[in-house]
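Model the full structure from these sequences, guided by the hints.
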Amino acid sequence: MTYVGLPTPAETPQDTMVRIAGTAAKMKVVIVGGGVSGLSAGWWLARSGASVTVLDKGIVGWEASGRNGGGASHYQSPLFLEEQRMWPHMDELLGYPTEHQKERLVIAVTEKQLNQYHYLAKMNNDMGYRVDLLTGDQVRAMVPLAGENCLGGMHYRFGGHANPQRSVQAYAWALQDLGGRIVQHSPVTGFETEGGKVVAVHSASGRYEADAVVVAAGPQIQGLMAKLGVEVPLAAARAEMIVTEPAPLMPIGGVDGNGLYGRQTLRGNLAYGGGPHEWLQTFEAGPPARPSSPLTRNLARRIAELFPKAEHLNVIRSWAGIIENTPDGRPIIDRMKDPENVVVATMSGVGFGLSPASGHAIRDLVVDGQCSFTDIGKLSLSRFDGIGADWREQRGWLPLKADLAA
Amino acid sequence: MHSNNGTDPHAIGTKLPAPEARYDLVVIGAGPAGLAAALAGAGEGKSVLLVDENPIPGAAMGNDVPLLFGGRMTAATQNAERMLETVFMSEPMLEAAMDAGAEVLLGTSAWGVYRNGPGITGLPENVVALADKDRGWLVGYGELVLATGARDLAIGFPGWNQPGVMGAAALERLLARYEAFAGKRVLFMGSHDLALQTALLARGKGVDVAGLVEVRASPQGDAALVDAVRSAQIPFYLNDAVAEAKGGLDGVESVRLRSGAMIDVDTVVLAIGLVPSIELIDAMGGKRVLDGARGGYIPGENAGITCVGTCAGLADTGFDHVEYRMEWARELGKLSAPDTIVCQCEEVTRADLLGVQPPNYLERPAPMAARSLDTLIADGPPNPDQIKRLTRAGMGVCQGRRCRDQVAMMLAMAANGPFGSVPLATHRAPVRPLPLRILADWEEAEDMRAGWDVWFGIPTQWVPYQDIDTPREREHQTAIADGWSL
Ligand SMILES: Cc1cc2nc3c(=O)[nH]c(=O)nc-3n(C[C@H](O)[C@H](O)[C@H](O)COP(=O)(O)OP(=O)(O)OC[C@H]3O[C@@H](n4cnc5c(N)ncnc54)[C@H](O)[C@@H]3O)c2cc1C
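Going down the list, the sequences are from chains Z and A.
Mapping to numbering that gives the first Met the number 0: the first sequence position 158 is 157, numbers consecutive.
Mapping to numbering that gives the first Met the number 0: the second sequence position 162 is 161, numbers consecutive.
Derived from the structure by calculation, the hints contain no laboratory data.
Beta carbons: idealized from backbone N, C-alpha and C, even for Gly.
If a hint is listed, it holds; no wrong ones were tucked in.
Which chain Z residues face chain A? A few, computed with CB under 7 Å, are given here:
1. Q183
2. R289
3. P293
4. A299
Right under this line is the structure:
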């Protein structure tokens, strides 16, 4: 079940599960945030025997984790090989369907796109991850909805995509099946510290004692960690997607390009996003709304260009989600020095695909203090030490009109 | 580390386009209430745009959008010119509105209202999004009046998922507006005013009305209407319900009632109730409230937007529509089987909806099969959008028109709560299914194209981990970031 063009993993995911069983027995872990990052961490910890409680302000996966493109091909990440090793086995390991599908095609309709895709293909091949270049005719043979305007593309022989909503629920249910607890509609409001540790988490539904705490609350991490005196620079932004009625299934559903990300779902719908985002203020209680905008029309055009043979398909929904961004666009996965039993985890916009791997890394930090399968040193929070208070301003990441967003 | 110098070329900034036209008053829906609003506005000297989606395109009708046409329209509905004519002929006030100076656009649907507010501030102004058979566009408004009327409420029963099961509003539309009803002999479900009036209309138009089926012990509507139906020799089947619609290739051929009666008809008309068309209000994040006497969910107070006519709520006659439809849903539920379809687009059965099971193209391993609405409820109040995502009920091309309300009813019953205890699944723009090529902005401004990136355009984001803090980092950043503006 491995991919063409990736190293064969040293261990099967099933063997990993056996190896970690019981390694965190009797440990009480409270996880703040029931998005994919928190839920996957909870699942890995429960697999290790920990007693896990996930607290969410609302419903599991209601924020970015249930509203994303479902992409899972993050070659830039140190978690990449683990992401690739785990995904094809997640349905079996969780016991619930995630709709994971392998591989991805990225196709170009302009020369500029083609040049960029060629660069990315070479970058991957240099790392030993196989990407094949395709001519326009080869694309048309593989992608029935592509048109004469397609100039070529690339074929990742790894990666893939899954159904975000189904996957989130799968993690949550699998965690419950292992004895973990998920408490919804229960925002975390504060922490109780003692001797350099958080000993309890305060939430709308009560007080939860903890040996270890994982803070995976998306953009809200910043406000929560501030309560512990830790500064985590994060900026929230809104991004949008649209979806069409079903089209006949293409042999590889993970086709995107033309400035879009997305996929054909197993049902056949074309679900795509891309283009401009809107920077927002972050509110402690979570986003007051997640509206879509007339950007729907620009997305529709891009999809019609990507798939000229689908231009007659009806668009039936649009939606938006709020994304967590770090100043350099890379995740923060780190265990704090003080309080030393707290792990912070936020993926900066690529958290869905990384989730099977991020959960493993978080588990390792909670249980062993360091990641066992890859170096994640450059994802530490300390890289932002001394970042100026005006870091958002410097990047042009400020909300347009803060007063209206309130 | 960052090269943006205080600007983010990939952010929305001022890229969302200004509307291509602007009116003091935009009215959506040219029924009596919308026409009156448009005429009043024009009379006050305002610039007025009045849009109406009639005549409905044939393809939309085929998807039961916006009403439950049940495949019972004649081929005449495919003739766009004739359809336009029938719309004008059936509504003389349209000409009056034009004469008064209102701009009238027929065959034009409003598929979204966009306003700056929580979570979005990038709009140059508030707009309503429109589409006709050729293109989509935006218009600005000073005042917005929604007069979008009410639509059919569907409640499923064995055999309802075939041609020939339609709604009373759709029948009225086909008979009175388009003169394009293809059925010959019809049976009504319900006996409140909607059913009585539509039955009389059908009879008046020469349709053979086989009767009205009523779950309660007596006809429910206005006494004068009941008398009129009785004197037209149309029978009531009281204390009864439709147990099954049987049919062939062309849909319904006969109906079996709970009492055992068999009735030969080619059309069953769901006339249990209408629901106010709150799609636009709901999709823009506006307020909605539940009022059983006014037909269920109706618009709440929404600043700057006025709702008139039945979209604001049915006339309050003291009749509790919600209680009545819940009674129907309960009885039809008893007559249904686990495999009776609830969501026609996605073929979701009752059992799968209540079991919160995935669609049948996915496997159901043992843990999955053991999940149900009960296990979900144990985790907190059931959320209809969450259930929709898991079961796919309401996720199809009719955009949940055929099942949204009955799903809410079924979930409330399963959770032992009143209607509304599990709210209605939300609506999303576009509130009409619209082809990509129609929705597309083919006249996109240059800055939208130029600033377009697949994701955020953060130069450091896609640098391979091992190249971070090495000379290759800058090389990648330049190469990838220069490629941006795709
Ligand atoms: C439109 C869109 C498209 C995307 N496409 C992709 C893609 O294709 N591939 C990919 O990998 N990623 C994609 N992403 C990004 C991805 O969705 C996120 O990176 C990921 O979901 C983050 O997961 P998370 O669990 O870290 O955070 P979240 O999903 O934000 O979850 C955080 C959770 O914490 C809860 N919470 C917040 N505050 C509190 C509190 N005080 N107490 C308790 N709970 C709290 C929230 O309710 C929420 O459930 C996309 C995102 C969007 C919006």
